[in-house]
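S.K.: Going down the list, the protein sequences come from chains Z and H. 1 is the number of the first residue of the first sequence in the numbering used here; add one for each residue after it. 1001 is the number of the first residue of the second sequence in the numbering used here; add one for each residue after it.
Hint data in this document are derived by calculation from the structure and do not stem from the laboratory. All figures in this text were calculated on a predicted structure; none of them were measured in a lab. Glycine residues also receive a C-beta, built at the ideal position from the N, C-alpha and C atoms. Among the clues, some could well be false.
[Said to hold, decoys possible] Some, not all, of what chain Z presents toward chain H, calculated at C-beta under 7 Å:
1) L62
2) G67
3) V71
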Amino acid sequence: MTATVALALEPTPVWYLLLAALLFGVGAFGVMIRRNPLIMFMCVELMLNAVNLSFVALARSLGDIGGQTTVFFVMVVAAAEVVVGLGIIVAILRRRPNTTADDMVELKG
Amino acid sequence: MNTLPGETLQGPHIDWFAISPLLVLLGGGMFLLVAAALTPRWPKGMYATFCATVAAAATAVSMVLWHKVSIHGPRLLVGNALSLDHFTLFITIIICVAVLLVSLVTDDYLRREKLDGPEVYGLFLMAAIGGVVMAGANDLIVLFLGLEVLSISLYVLAASHRRRSESQESGIKYFVLGGFSSAFFLYGIALLYGATGSTNYTRILATFNDTVPVVRKDALVLAGVALLIVGLAFKVGAVPFHFWTPDVYQGAPTPVTAFMASIGKVAAFAALLRVLLFVLPHWRDDWRPAIWVLAVITLVVGSTLAVVQTNVKRMLAYSSISHAGFILIGVEAAGHRAGNPSAGTGLSSAMLYLPLYAVMVIGTFAVVTVVSRTGDDATDLGAFRGLGRSKPALALGMTVLLLAQAGVPLTSGFIAKFGVLEAALDEHSYAITVIAMLSAVIAAFLYLRIMISMWVADPEVGDEQREAVRVPVGSAITIMAAVGFTLFVGVVPGWVISVSKHASQVLQK
């Protein structure tokens, strides 16, 4: 009995895929319900990193190095997004402190 | 990979001349940013002239490459990461010409707004690289990198008017939603990688060619394809992934809107066409209905919501959504024959639509740039009232461009719309054709409203206090070029149709 439990609890790539899907869902949900631009931005980063985790898990189960190298590209892209995103967010918050996404309603129609 | 310890690392063979359009754009952009940072302010107009020259040079080398591909045939470059074929070069030429036209308008705009500097032009060139890479990618990760280079440049460009809070608002909206869609796109890549073991187009296609239908990892592939379509549909602004378009188009500086509407859309459609038709032809019966639905709701929602707007930039944003619907009809028609050697007219009709649309939309937004006056605020319908009396030539140019967008005969817009509808009829998609024609009628009302404002309505009360509309040289050149091209193609369409047929010869391996 204990042996089967231990076997069942051995983490397999599928576990990581499920975890990645969960993280991706948390991130997507966060972007949709949170109103602080910084938090929304962090949720986007969470989604990207969830994909990174799936890449690594898939690379592991396929026995292929390609998926793991892909992660480096994604990390670089995410870093570039941070630079640009924080720049824009700081520019807005400096002009209008405590801005939430609901305050950004100059553009609508 | 059994590399011996002493052996040096071998990179892939690189044919430098074959990637010269990218190198010219990259070198030009880097030189502009570095040299402008080290030297005192350049004389007026020099930044834009430099950017336009780089774009013209990239166009020229692309044309030379086109000729070479005609003789030697298409091939893969840089370790199968990029493909060199007429399709790539056609999109490259559209993008470079668009950069050239937009940079002329931007020069006048930046000096009027007292924002002149090299950054915007550097970002234009970088964004163009992203677009070219998206069109030529032969690997999903390369496509993702191109998409991000384009998108990140556009986020900055949208927020680049430092004194307008609308510009920053549009930048942050585009940024959050753009990052959101990129994450979906990337997840799609990950799932396809999981199902096929590779991100390379050639190897993905080979995997699908080889697999026995019974052992297909259906769920993974289908989810992956769906997420890829969501990511790209967001970038082309197809309904229901369009919600960012009106806000961003309205808030961004008007020349940047012209840039986004032309280059962003062209590059995203190029990527969509290549991925769906040449990587996933085996799944065409699964993705074609999705494209059908996207096309129909994009057409209907785009043209209907355009009519109720009062801001011209928002109206044109919705009109660009409905144009995306028309191009999707071409994609759908091409989907019927995906994977067949005897390709129908779908692909070439979509390829024909892209340059005609890009030129029209740049011309239209160039007029809006001029009319918006200092501060970039006068973009509501009222600001266009009486334009026919104060600036008849400008109003006439705008009228031609709007008629072209509506698809009136003797303009390029008619050729473009006729092409995709004919392709849809060839595939017996009657329902979508009828819906497209009805939505074109609804959209015509929108263009008519702007024309009535210009020619019939009296100027707004208080309009005399507003600064007069000036048409600077650069904008005038762009508008005249766009109007000239629109009319010329409308009267003599044969050559551009035959070029777009050549451009739909995609490298298939």
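S.K.: If a hint holds in the structure, say so; if it doesn't, say that too.
M.R.: The hints, checked one at a time:
{"no.": "1", "hint": "L62", "verdict": "holds, 5 Å"}
{"no.": "2", "hint": "G67", "verdict": "holds, 6 Å"}
{"no.": "3", "hint": "V71", "verdict": "violated, 10 Å"}
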